[in-house]
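Colleague: Sequence:
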Amino acid sequence: MREIVGLTEMSQVEDLFVSIGGGDRLPATIDLMSAPSKAGHYVTGAFPGTVLAGAGIGFFHAPAEAGRHSHIAGVAGTPAGRGAGHALKMRQRDWAPARGVTESTWTFDPLIGRNAYFDLARLGARAVEYLPDFYGPMGDDINGTDASDRLRVRWDLLDPRRTRKLPGRRSLSVFSGRQNEADASRVETVLGRRVPEPVRELLARRGVFRDLHRSHEPILVDPVTFAGVVQIPRLAIAVRAGDEVLGSIWATVTGPLNQARCQTFPEAAKLVALHMFRVRSGADVQRRMRTDRLGTALTGGAGATDAPERLGLARSPLLVLGVVGSVTGSDEQERLGDAFAMHLSAVLPRAVAATIGGVTYGLVPVRPDQAEDAARLARDFLDRVGAGW
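Going left to right, the sequence shown walks through residues 1 to 389 as the working numbering numbers them.
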């Protein structure tokens, strides 16, 4: 995923959208891309290799340019385009933090069911407006002579409904019913999927994390200054399972809580701990089952014939990838395996990975002509994790 640059690539985007819609109409022209791109708006392409497989064009909108309207996005109807639609949307989301964008809007044809499912169910966008014959006569192969009715949706990039995955086994979940009251550090945490480094370092110097791990009661965290502005105070409490700290809960507050609220915060931490323990236990069971089945598929013996089917890889040629890191210890090996599995599944959803005997293996369903592309995924992974692993 990268920005579209130069007239040659913009011409490729033109051709892509014509091939998707058919007919003589140009849904996106070079002038529509060139000037907005120069002005800092969004023009991005998906390149699984050297061939353009998908593209998206968007522009800022009022109020205060805190939103972006995704004018058009599309992917090629070829194997290379599989997964490009989701990757484009994730790229749009990752593009937002540095530009202060907190929401994205777009329109789609409500009669195309796969678009409705993707936008409303998978992404969690909300329908906000029905637009009769919004674009007028279009005359392409998709719309024909039908009226171009559209549904306008809003994708709140601060939407808390999805857990934000972080490297290894860590994750960040955020919830609030009053997003308009969020301060800058919270917005950056949600959009950037991690606590801003200046805020984290300041809290560490103050000893907040040390106090949090030592205390079984809520602690009031004094305001920090971020982006030149004093932020809202926080109340924080560690989430524990016995003596193990599973995580923590942070909430914005206007000041010290009364006794009743201070009593409910630890109760909430107990509920979160129970949920996290169940999720972790389920993940550990699934990891062990996946590891056992992948090992059986690789080494043969009883059950080897059924193992690929149980992994969801039956009737597919498989490429075996092996990654050996410089890590030591089972926890680090597990983190490496989880990271590799996440890396593979982001591009190849059916791929599976597990660590066996100090080697992280990946089973990738591919056609013979895709073997080199799949192997490149492993090399890309090693480049990303760096020498530390």
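Keep in mind that the hints were calculated from the coordinates and are not lab data.
Fair warning: there could be bad hints in the mix.
Said to hold, decoys possible - Pairwise CB distance ranges (calculated):
#1 A304 with H275: 33 to 39 angstroms
#2 S34 with R379: 53 to 59 angstroms
#3 R2 with A127: 29 to 35 angstroms
#4 P132 with R367: 28 to 34 angstroms
#5 R205 with D133: 42 to 48 angstroms
#6 Q370 with F277: 18 to 24 angstroms
#7 A127 with P266: 16 to 22 angstroms
#8 R278 with R367: 45 to 51 angstroms
#9 G49 with P137: 35 to 41 angstroms
#10 R367 with G40: 48 to 54 angstroms
#11 G255 with R310: 54 to 60 angstroms
#12 V245 with G136: 24 to 30 angstroms
#13 R205 with A304: 50 to 56 angstroms
In this text, a Cβ means the ideal position worked out from N, Cα and C, and glycines have one as well.
Colleague: Now, for every hint given, state plainly whether the structure supports it.
Modeller: Hint by hint, here is what the structure shows:
A beta carbon spacing of about 37 angstroms between A304 and H275 agrees with the range 33 to 39 angstroms that was offered as a hint. For S34 paired with R379, a C-beta distance near 34 angstroms fails the hint of 53 to 59 angstroms. Here the CB-CB span from R2 to A127 is close to 31 angstroms, well matched to the stated 29 to 35 angstroms. Between P132 and R367 the beta carbon distance is about 45 angstroms. The supplied range of 28 to 34 angstroms is therefore violated.
For R205 paired with D133, a C-beta distance near 59 angstroms fails the hint of 42 to 48 angstroms. Checked against the hint of 18 to 24 angstroms, the C-beta distance between Q370 and F277 comes to roughly 40 angstroms, which is inconsistent with it. Remark: the range hint 16 to 22 angstroms for A127 to P266 is contradicted by a beta-carbon distance near 39 angstroms. Checking the proposed 45 to 51 angstroms range against R278 and R367 shows it is violated: the Cβ atoms sit about 39 angstroms from each other.
Range check, G49 to P137: about 37 angstroms between beta-carbon atoms, so the 35 to 41 angstroms window is met. Take R367 and G40: their Cβ atoms lie about 40 angstroms apart, and the range 48 to 54 angstroms is violated. For G255 paired with R310, a C-beta distance near 55 angstroms keeps the hint of 54 to 60 angstroms intact. The given range of 24 to 30 angstroms is broken by V245 and G136, whose C-beta atoms sit roughly 59 angstroms from each other.
A hinted range of 50 to 56 angstroms holds for the C-beta pair R205 and A304, which are about 55 angstroms apart.
When each numbered hint is compared with the structure, violations occur for hints 2, 4, 5, 6, 7, 8, 10, 12.
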